[in-house]
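Enquirer: The lines below spell out each chain.
There are 6 protein chains.
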Amino acid sequence: DFEHALSEVTPAFGVAEEELQQVVENGIIHYSERVNEILKDGSLLVEQVRNSDRTPLVCALIHGPPGAGKTALAATIAMQSDFPFIKLISPETMVGFSEGQKIAQLSKVFTDSYKSPLSVIVVDSIERLLDWNPIGPRFSNGVLQALVVLFGKRPPKGRRLLILATTSHRSILTDMDVLSAFDTDMSISPITTLEEVGHCLREVGLFHNQNELDRCMQMLSESRFGEDGRPELLVGVKKLLSMAEMARQDPDPAYKLVSSLIREVS
Amino acid sequence: DFEHALSEVTPAFGVAEEELQQVVENGIIHYSERVNEILKDGSLLVEQVRNSDRTPLVCALIHGPPGAGKTALAATIAMQSDFPFIKLISPETMVGFSEGQKIAQLSKVFTDSYKSPLSVIVVDSIERLLDWNPIGPRFSNGVLQALVVLFGKRPPKGRRLLILATTSHRSILTDMDVLSAFDTDMSISPITTLEEVGHCLREVGLFHNQNELDRCMQMLSESRFGEDGRPELLVGVKKLLSMAEMARQDPDPAYKLVSSLIREVS
Amino acid sequence: DFEHALSEVTPAFGVAEEELQQVVENGIIHYSERVNEILKDGSLLVEQVRNSDRTPLVCALIHGPPGAGKTALAATIAMQSDFPFIKLISPETMVGFSEGQKIAQLSKVFTDSYKSPLSVIVVDSIERLLDWNPIGPRFSNGVLQALVVLFGKRPPKGRRLLILATTSHRSILTDMDVLSAFDTDMSISPITTLEEVGHCLREVGLFHNQNELDRCMQMLSESRFGEDGRPELLVGVKKLLSMAEMARQDPDPAYKLVSSLIREVS
Amino acid sequence: DFEHALSEVTPAFGVAEEELQQVVENGIIHYSERVNEILKDGSLLVEQVRNSDRTPLVCALIHGPPGAGKTALAATIAMQSDFPFIKLISPETMVGFSEGQKIAQLSKVFTDSYKSPLSVIVVDSIERLLDWNPIGPRFSNGVLQALVVLFGKRPPKGRRLLILATTSHRSILTDMDVLSAFDTDMSISPITTLEEVGHCLREVGLFHNQNELDRCMQMLSESRFGEDGRPELLVGVKKLLSMAEMARQDPDPAYKLVSSLIREVS
Amino acid sequence: DFEHALSEVTPAFGVAEEELQQVVENGIIHYSERVNEILKDGSLLVEQVRNSDRTPLVCALIHGPPGAGKTALAATIAMQSDFPFIKLISPETMVGFSEGQKIAQLSKVFTDSYKSPLSVIVVDSIERLLDWNPIGPRFSNGVLQALVVLFGKRPPKGRRLLILATTSHRSILTDMDVLSAFDTDMSISPITTLEEVGHCLREVGLFHNQNELDRCMQMLSESRFGEDGRPELLVGVKKLLSMAEMARQDPDPAYKLVSSLIREVS
Amino acid sequence: DFEHALSEVTPAFGVAEEELQQVVENGIIHYSERVNEILKDGSLLVEQVRNSDRTPLVCALIHGPPGAGKTALAATIAMQSDFPFIKLISPETMVGFSEGQKIAQLSKVFTDSYKSPLSVIVVDSIERLLDWNPIGPRFSNGVLQALVVLFGKRPPKGRRLLILATTSHRSILTDMDVLSAFDTDMSISPITTLEEVGHCLREVGLFHNQNELDRCMQMLSESRFGEDGRPELLVGVKKLLSMAEMARQDPDPAYKLVSSLIREVS
Ligand SMILES: Nc1ncnc2c1ncn2[C@@H]1O[C@H](COP(=O)(O)OP(=O)(O)OP(=O)(O)O)[C@@H](O)[C@H]1O
Ligand SMILES: Nc1ncnc2c1ncn2[C@@H]1O[C@H](COP(=O)(O)OP(=O)(O)OP(=O)(O)O)[C@@H](O)[C@H]1O
Ligand SMILES: Nc1ncnc2c1ncn2[C@@H]1O[C@H](COP(=O)(O)OP(=O)(O)OP(=O)(O)O)[C@@H](O)[C@H]1O
Ligand SMILES: Nc1ncnc2c1ncn2[C@@H]1O[C@H](COP(=O)(O)OP(=O)(O)OP(=O)(O)O)[C@@H](O)[C@H]1O
Ligand SMILES: Nc1ncnc2c1ncn2[C@@H]1O[C@H](COP(=O)(O)OP(=O)(O)OP(=O)(O)O)[C@@H](O)[C@H]1O
Ligand SMILES: Nc1ncnc2c1ncn2[C@@H]1O[C@H](COP(=O)(O)OP(=O)(O)OP(=O)(O)O)[C@@H](O)[C@H]1O
Ligand SMILES: [Mg+2]
Ligand SMILES: [Mg+2]
Ligand SMILES: [Mg+2]
Ligand SMILES: [Mg+2]
Ligand SMILES: [Mg+2]
Ligand SMILES: [Mg+2]
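Chains as they are written, first to last, in the working numbering: chain A, 6 to 271; chain B, 6 to 271; chain C, 6 to 271; chain D, 6 to 271; chain E, 6 to 271; chain F, 6 to 271.
Next comes chain A alone, as it looks inside the complex (with noise of 0.2 Å):
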């Protein structure tokens, strides 16, 4: 029955490749070696969950502040498993759901993921999942509940599963007390450095010639980032493009882009 839970889940895989395809649409940019580490890493734990007899079950938990490219990544490492079975689990698709029935619905990937003898679940923003809100502070306390559970529940004899899970608040897992429920994570930075944005935005295109990168680059370099009590550099690649984007718009896209820099980290 192997053969047939691979027939049973072939479907599903089909709609999910659309879903992780769309979170990446923007591609991965190579802008430092870290990038290509973290993709390394994850198939690290590829291998395990496919070999190893003794770990079955494998949840990773993939953190960094907000745009810092999570949702990309995990997605990226779970189309190069090519496990027959490929889930995202997206706040995004549970707008409106009560406690029970994103409960439901997450039990449900989790029971699917069951049938099929290798399978890799993306549990995307965390945070989001639980309605987390510093204020009070108020969450779902049962989604909480139910993904520990999940997280922790051993798959049927013959199947195995990885989970990755990601989150911009590392820190409320703690406080939580339920960090042991992963067994490894993975922190994913930010942009900090001038090559770094240079990188990018030689990538995406947005000047038409090396002199205006030249010029924005050195209009970078005199806001002299960290330095004399100056704030650090530190900008997610997601709001990099975002930010590239704007100053496509502005009759002068190097002189918008670093003023829409400056005024972001500080």
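Each hint should be verified, as a subset may be incorrect.
The list treats identical chains as interchangeable, and a pair is accepted whether it falls inside one copy or across any two copies.
In the DSS-like style, the derived pairs of lysine-lysine whose C-alpha atoms are separated by at most 30 Å in a straight line are [stated by the list, open to error]:
(1) 113 x 261
(2) 261 x 162
(3) 113 x 162
(4) 45 x 261
Calculated directly from the structure, the hints in this document are not laboratory data. Note that this is a predicted model, so its numbers are computed, not measured.
Add chains B, C, D, E and F with the ligands to chain A, keeping to what the hints say.
Expert: For chains B, C, D, E and F with the ligands alone, kept in the frame of chain A given last:
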């Protein structure tokens, strides 16, 4: 099906226009250069959504003190886009809705917008949509979570969406740690100079002759706002227009207006 | 359809008048110049709504200590407007209503008012409508949010609405940061001088002859309210009238009234 | 329809009388002059409602420590009014009622009373009706709000109503800022002198002869309540009567009573 | 209808007896004079209810630390009354009941009791009936309020009722300010002397010969409980009997018991 | 009907065994003498339930840090009892259950157990059954109360029950003041010495030759855990086995394991 989508949303557009025009019933008075700048910034956002491939979704926050003109300006920017789908989401149409009903309504407007190639949604007065009350504080976390997710949800391929959200309580969004949901924000300032006050009073024709206006401005200047520890002049255009109308009923409109203004700022 | 609207609201008017008259059962005693001023201020608001094109909606807050006469004065102003739609919203008619039922009822009254060219709604005792309790504090945030939105919702084109809201807890509206919902406010002060007390007692005919009244006033004067750390004289007209009736049962009304007053203020 | 109203309420009256008599099962012992004064004050209130045109509604609060005799005295005043509608509202008849059911029940009794020309309603043990619990504190704000509104709601024209509410927790009404709902209040004090204790013991015939009573009083006097830092004598008549019955089972009633009293006050 | 009432309650009695006997499964060991005193005090209460006309309702609180024997003693007193209606209300029969169901059940038992001329109700473990949890604290205020009202509700004419309530958390009743609901209370103390321990061990026959018992007592005496800052001996009879049974499985029961006792009190 | 009861519970037994075996999938490694002691202590409890007439109910708490092996050991003790009714209650089978459904499920398992002459119930991970979250803290008081009552509820005559409850949050039971619900408790300690680590690694065959193992142990010894302010070695067997599997994928398993261990304890 681009054509199809267009025809499908046309009726929605008609309805929305009426609502939008109603909230700028008293027109836009160009009492300061800042008013033009905001309208220009707004049309830049409109162009970004229309043109950029990489940012099919742009979400802007328009904030400022009560009565500063946020709703009127957001509606004006929306109307000037000439996008085929324009919709105003306002607390006024949701009085007595349960949290679930509000979220369903929000969700529906966004889903509707995804049918149009180009859409703009004005989400007016976020703090009222959330039922925000500083005592407690109390608010609908469900509505907030739905908004944050909808604000970040990419429209389907080939669809583009501009979101203009307004609030007079920007700080609660900071406290809730959801400011990263916005790509950019625009600040609407209140009226702070005697020249701006004079411009408005002339525009609404409160006085029948220049003498009366001069006398009024004279009295205002004698109040010496902001001097020697006196309170600063600081009034929203909405409130100023309302005071002008009250003054109009008075035998001595100039005196009435001045005393209202003084009481307001103290 | 102006005529139509008028005829449509007539029955509502009849009912309302009875309710309004009941709350001024003991009439308005002109014990101080301030009473006239408030009634005059009220009729200015009525004229503004009747005349100004720019402010089809005016919302005023009438506040003062318990029993100061807020309800009676609001009702009197409303009745004197002679608007075709006049309605009193009172907690008394909503005992045992759920939050949803209250909001539906409020909503209905406002919707009804939009059918009349000229309307006045008295929203009596906001703190009771909110089920306000300082312990906690507890209150219905839903009712508050509905009120704030309804207070700011422009009636449809060609309709005009005056809202007179009363409360003895103005400070909770400040704490809830909703005072900007009101265009103006009027403060009702309690009785604070012996002359005002005397005026009221004479008006209700507590004593059968001038001698008794003189003796009463003499005793009051000897109580030396507000002197040497003694408590100030400060009593609502409603309470004073109630004390007068209790005193009327007593063999020595003058003495009874004086001792009641002293106990009340201490 | 005055006649009609009277006949309509008669059955209700019959039922109520039985309930009222039950709560004064042990009669009223005139152990102190204060007992008479309270009954006289009560009948003054009855007369005010019967006679005054301006105060068709009077609401009095009867308060005192647990077991001081509040319920018995309120019921006695009510029964002595001879009003055609007399009703006791007691927590005992509402065990297990939801908040909504309680409010409906309260509302019904008041509505019923409006059919009688003259009515008295005893609202017994407000703190229990509210499910008051100092931990939290927890209580039913809904019931409180209903009571406050019903306490201030004028009966329809030609109807008159006396409300006698009892509580052993007057301070929570202060904390809830609803004391202004009462026109007046009466304080019931506990037993505080040996003479009063003696009066009660004689009345209930605890001892078979004067000797025994003398011995008991002697022992009590030797306990020197309130002297040298010893606790004051302070006991409700209800508790004292209960102690007397326990003592009656004992071989040495005098000794048992004295030791119970000492344990009670310490 | 006295006869009728008797026959009516007989079946209830039969059921109750079994339940009552079960909670004293291990009998009553007279390990100290205090045990007899409590049973005697209990029978005095029984006599008061049987005999006194003025107190047809007596409500007593039996309290003490966990495992002190509260339930067993309350049940024993109840059974010894020989009243025709005896009922044990226990949290064990209400697992999973909603608050409403619990209150309905409580209410039913009391209503049933009113049909018998003489009744005794054991309300076991009030803190568990209330779902008491010191974190929060959380508890069912509804159940508490129902109990307080039922504890004070006089049975109908000619009916008499003894209520024996147990708790190991007397202080929460003080905090909840409901101690005045009880006419009297009885304190059950734990075992505190080596003699009492020895008495119990002999009674349950833990050791096969006197030597072993002596050795055990010797070891206990050498533990020098309460000396030089060592913890006091303080153990409920229930726990002691449980320890004895564990010790019985051990090759060296004396040593096992001593070490258990030491660990328990530390 | 002893025979009958036995046959009745047989099917339940079959199901449970599979579940129980699954939680000890990786077997029990006897890495320390303490492991044997716990299994022996467990079988003493089994014997007490089987033999003692006075304690037909024994409730033990098994506690220790996350991953220490609590579930596996509890299941092993349960399976070794050979009682006809063995059941594992686990949060994994209750994902998405409402509080009421959880309590009903718990209740059913206990009621089922009462049909068997000898039963053992493993209540796994109490903190997860309670939905415990330290933020707030939030938890299901209903489930806790049900557990406490079920843990103390004597099975019917002739039935005997052993309860093995596990938790990694023993302190919350102390805070909730419910520790007296347990007759005894057993503490499971994590791995703390290099010898124990070595024992486990050998057992799971992480290295292909002794050299590699030696190199690994050498590196561990050079980490000097617990010396000079370095963190102590402290890891659950579950985590250690998981680390071994991750290391197995690495080209240099020894290095990978050592670095994982260092990161874990820091
Ligand atoms: N190296 C990269 N890593 C991740 N994303 C990249 C990279 N290069 C380009 N991108 C693009 O940047 C965007 C990253 O956005 P993504 O939604 O993954 O960020 P995120 O951290 O999940 O944001 P959020 O905190 O809002 O959830 C995507 O559009 C992705 O295509
Ligand atoms: N320059 C201007 N900008 C905005 N509004 C203007 C301007 N000139 C005139 N107005 C008029 O002032 C009013 C502004 O009210 P608007 O409701 O937009 O304020 P707001 O800031 O949204 O108030 P609130 O805080 O109550 O939501 C409108 O009637 C509008 O027609
Ligand atoms: N000058 C006056 N102003 C107001 N009320 C007056 C005046 N003279 C007499 N009255 C009478 O005094 C009473 C005032 O009571 P009213 O209910 O209006 O007070 P209130 O401030 O609304 O009280 P509450 O705080 O309880 O709502 C009415 O019976 C009214 O007829
Ligand atoms: N002078 C008295 N005043 C009141 N009650 C008296 C008096 N003399 C005897 N009694 C008897 O004392 C008892 C008083 O009990 P009652 O229930 O009225 O007290 P309470 O203050 O309402 O108690 P609680 O605080 O429990 O509600 C009644 O049985 C009543 O018959
Ligand atoms: N003198 C005694 N008093 C009470 N119980 C005794 C006595 N001697 C023996 N026992 C036995 O001790 C046990 C006492 O347990 P019981 O359940 O009554 O204690 P408890 O105080 O109600 O405990 P908990 O605090 O858990 O409710 C019973 O099994 C009873 O048979
Ligand atoms: N001596 C041992 N004791 C317990 N478990 C062992 C032992 N040796 C090997 N194991 C294995 O280690 C794992 C222990 O995991 P288990 O789930 O029992 O830990 P746990 O303490 O219940 O974890 P959690 O805190 O997550 O509930 C099981 O796979 C078990 O087979
Ligand atoms: Mg993301
Ligand atoms: Mg606005
Ligand atoms: Mg009023
Ligand atoms: Mg009473
Ligand atoms: Mg007990
Ligand atoms: Mg476990």
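Enquirer: Hint by hint, note whether the structure agrees.
Expert: Quick rundown of the hints versus the structure:
For the homomeric pair residue 113 and residue 261, neither the shortest alpha-carbon distance inside one copy (47 Å) nor that between copies (35 Å) is at most 30 Å. In the homo-oligomer, the alpha carbons of residue 261 and residue 162 lie at most 30 Å apart only across protomers (28 Å), although the nearest pairing inside one protomer, at 57 Å, exceeds that limit. In the homo-oligomer, the alpha carbons of residue 113 and residue 162 lie at most 30 Å apart both inside one protomer (18 Å) and across protomers (27 Å), since each shortest distance falls under that limit. Proximity of residue 45 to residue 261 under the C-alpha cut-off of 30 Å is restricted to the inter-copy arrangement: shortest distance 15 Å between copies versus 36 Å within a copy.
When held up to the earlier numbered hints, the structure conflicts with hint 1 and nothing else.
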